[in-house]
Amino acid sequence: MMDLDEIEQQILREVAGIDGRPEGAYNFRLNGKSVGRQSSTNIEVSTSPDGLNIHVAPHTHGEVVHIPVIISASGLTELVRNNFYIGQDCEVTIVAGCGIYNCGTKDSVHDGVHSFYVGKNSRVRYIEKHYGAGPGAGKILNPVTRVEQEPGSYVEIQTEQLRGVDSTRRETSALLANDAKILIRERLLTHGRQDAESTIRVELAGRNSVADIVSRSVAQDESRQLFRSQITGKNACRGHSECDAIIMNKAQVSAIPSLDAQCPDAELIHEAAIGKIAGEQITKLMSLGLSRAQAESQIVNGFLR
Amino acid sequence: MLDLQNIEFVVKNGAKRRAIIQDLSLSVKAGEFVAITGPNGSGKSSLARLIMGINRASAGKLIFNGQDITEKTITERAKLGIAYSFQQPVYFKGLSVRDLLQVAATAKETFLQDTGTDYEKLLATVGLSQDYLERQIDNSLSGGELKRVEIASVLARGAKLMVFDEPEAGIDIWSFARLTDVFRKLHKKPDCAVVVISHQKSILNIADRVVILKDGKIQAQGRPEDLKEELAL
Ligand SMILES: Nc1ncnc2c1ncn2[C@@H]1O[C@H](COP(=O)(O)OP(=O)(O)OP(=O)(O)O)[C@@H](O)[C@H]1O
Ligand SMILES: [Mg+2]
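Read top to bottom, the protein sequences are chains H and Z. Residue numbers for the first sequence follow the working numbering, beginning at 1 and rising by one. Residue numbers for the second sequence follow the working numbering, beginning at 1001 and rising by one.
A couple of the hints might just be wrong.
From the structure, some residues in chain Z lie toward chain H, with a derived Cβ separation under 8 Å [claimed, not checked]:
hint, residue
1, Ala1030
2, Met1052
3, Thr1075
4, Lys1093
5, Asp1099
6, Ala1104
7, Ile1218
8, Ala1220
List time: in silico BS3-like cross-link candidates among lysine-lysine, alpha-carbon distance up to 30 Å [said to hold, decoys possible]:
hint, chain 1, residue 1, chain 2, residue 2
9, H, Lys276, Z, Lys1079
10, H, Lys276, Z, Lys1188
11, Z, Lys1093, H, Lys129
12, H, Lys276, Z, Lys1228
13, H, Lys276, Z, Lys1016
14, H, Lys250, Z, Lys1217
Calculated from the structure, these hints are not laboratory results. Remember, predicted model here, so these are calculated numbers, not experimental data. Heads up, the beta-carbon is just placed ideally off N, CA and C, and yes, glycines get one too.
Please construct the entire structure, taking both the sequences and the accompanying hints into account.
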């Protein structure tokens, strides 16, 4: 696939876990332009005025779609829309990821809007990794993810942003029909003076719909994090959200959960915990021979896994 | 192997000072199996944590194999061959049993036995099946299971001096019988010593020496058969 320099290749590995042209359907965006695109028999990747459209034919099984975005030019600002239309009875994995390398003086910004229309009884895994590097100015990522789930569908969203991204505003929303289920796993580590905000809204409109949101984060140095989660239960449903943060140094973390039950059979739970690493955890690992710094990083890495 | 000389451990609570351990001297020889017992709050865990370096002595000296370790950190003491099994083991969100054993076995610097490589065997020693290797060390483990993992992590170190703090707590009697066997064997290895803090007669009875603590001082010590009265054995 296209010519990538060493830094770009490294970012691609970081955000998409691939070493070049992926198998199956993909669209690869580099510095604001699509530099590679491929459809497969069951998955059509095309563009329209609404953005990139990815159509997955009904009954497609075991396929993976890659849509990595890399920005290595300083000062680039882009807004990208990706629309996923997933037929019924599918089972697909979508690997998105955005990496910014900035060595210049101007901020680089990627705003991505991802919309998912998930057909009946389909299963979708959506993996999104964010990564920032380079000594230059701001690396800014603002992803918006919107999910609409038809009856019996299952969506799993895994997002990960560990280090490097200066500023992030993440918005995730989902609307679930009967028997639909969504699982959202968020992992975040901020350091330096980074700033991250994540808002997750799930509307459990369908009977027996289920949402499970687990957010784990580590805030180091003087970074700031804000989490908002809002689960609305409009039917007999189950919603669980858990926000767990380790706070270190002079960081700040806020968690604002909200539960809104509009039906007596809605069961909604929220758990939130923010705290520093327990002293006994460090002591225990030190007594096994680790230094204090090694113990801390073992605890942090394990927590974010 | 270990020489505690006139150890004091004082904690401050506002203007109040309280000596948890008072002018305590104790030595443990290589090859010895020492049991420490005494009422709740008598200072047993405080003493064990002083040995590991988790508590720092307010006065006195600790000598380990001829070296003054009074000012050494927990990590340094671990690397010299001291290990401590916590009375109240810690949960780790995100670490599996395998992760913990790996840390214990690979971070070891000075050790005599190589008990660390075979994790499954190690778990069997504490009465856990190999399925536990992938379990998370979080509150999905029962108290007794967590305690066994804690003991296994110390066995994995293959340390010269192993201190077990109430290993019986939460462990069923069948598994405990097997554990006592392990302690019995451990200290027989050359250059090793085992200290077990316990309220269990079955442990006290097999120790070479029993030390009874009271109010932060040694009230009595000797062979278990010579302490029948004090221990009401
Ligand atoms: N850091 C501390 N600050 C204040 N008090 C402490 C501290 N550590 C221990 N103590 C007190 O010192 C006393 C001895 O505690 P320690 O845990 O050593 O007792 P123990 O003999 O191990 O008891 P148990 O049999 O219940 O485990 C207790 O009264 C305890 O409350
Ligand atoms: Mg104790």
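Comparing the hints with the structure gives:
A distance limit of 8 Å between C-beta atoms decides the matter here; for alanine 1030 of chain Z the minimum to chain H is near 21 Å, and the interface restraint is violated. For methionine 1052 of chain Z, the shortest C-beta to C-beta distance to chain H is roughly 6 Å, which falls under 8 Å, so the interface hint holds. Checking threonine 1075 of chain Z against chain H by beta carbon gives a least distance of about 5 Å; that is within 8 Å, so the hint holds. For lysine 1093 of chain Z, the interface hint holds, since its Cβ comes within 8 Å of a Cβ in chain H; the closest pair sits about 6 Å apart.
Among the interface hints, the one on aspartate 1099 of chain Z holds; its C-beta lies about 6 Å from the nearest C-beta in chain H, closer than the 8 Å criterion. The restraint placing alanine 1104 of chain Z at the interface with chain H holds, with a minimum CB-CB distance near 5 Å, inside the 8 Å limit. With a least beta-carbon distance of about 24 Å to chain H, the hint placing isoleucine 1218 of chain Z at the interface is violated under the 8 Å criterion. Look at alanine 1220 of chain Z: its Cβ only gets to about 29 Å from chain H, farther than 8 Å, so that hint breaks.
Only pairs whose Cα atoms come within 30 Å are accepted, and lysine 276 of chain H paired with lysine 1079 of chain Z is accepted, the gap being roughly 26 Å. For the hint pairing lysine 276 of chain H with lysine 1188 of chain Z, the CA-to-CA distance comes to about 42 Å; that exceeds 30 Å, so the pair is violated. Taken as a hint, the lysine 1093 of chain Z and lysine 129 of chain H pair is honoured in the structure, with Cα atoms around 22 Å apart against an allowance of 30 Å. Pair hint lysine 276 of chain H plus lysine 1228 of chain Z does not hold up; C-alpha atoms about 47 Å apart against a cutoff of 30 Å.
A distance of roughly 28 Å separates the Cα atoms of lysine 276 of chain H and lysine 1016 of chain Z; the hinted pair therefore holds under the 30 Å criterion. For the hint pairing lysine 250 of chain H with lysine 1217 of chain Z, the CA-to-CA distance comes to about 42 Å; that exceeds 30 Å, so the pair is violated.
The structure is inconsistent with the numbered hints 1, 7, 8, 10, 12 and 14, although it conforms to all the rest.
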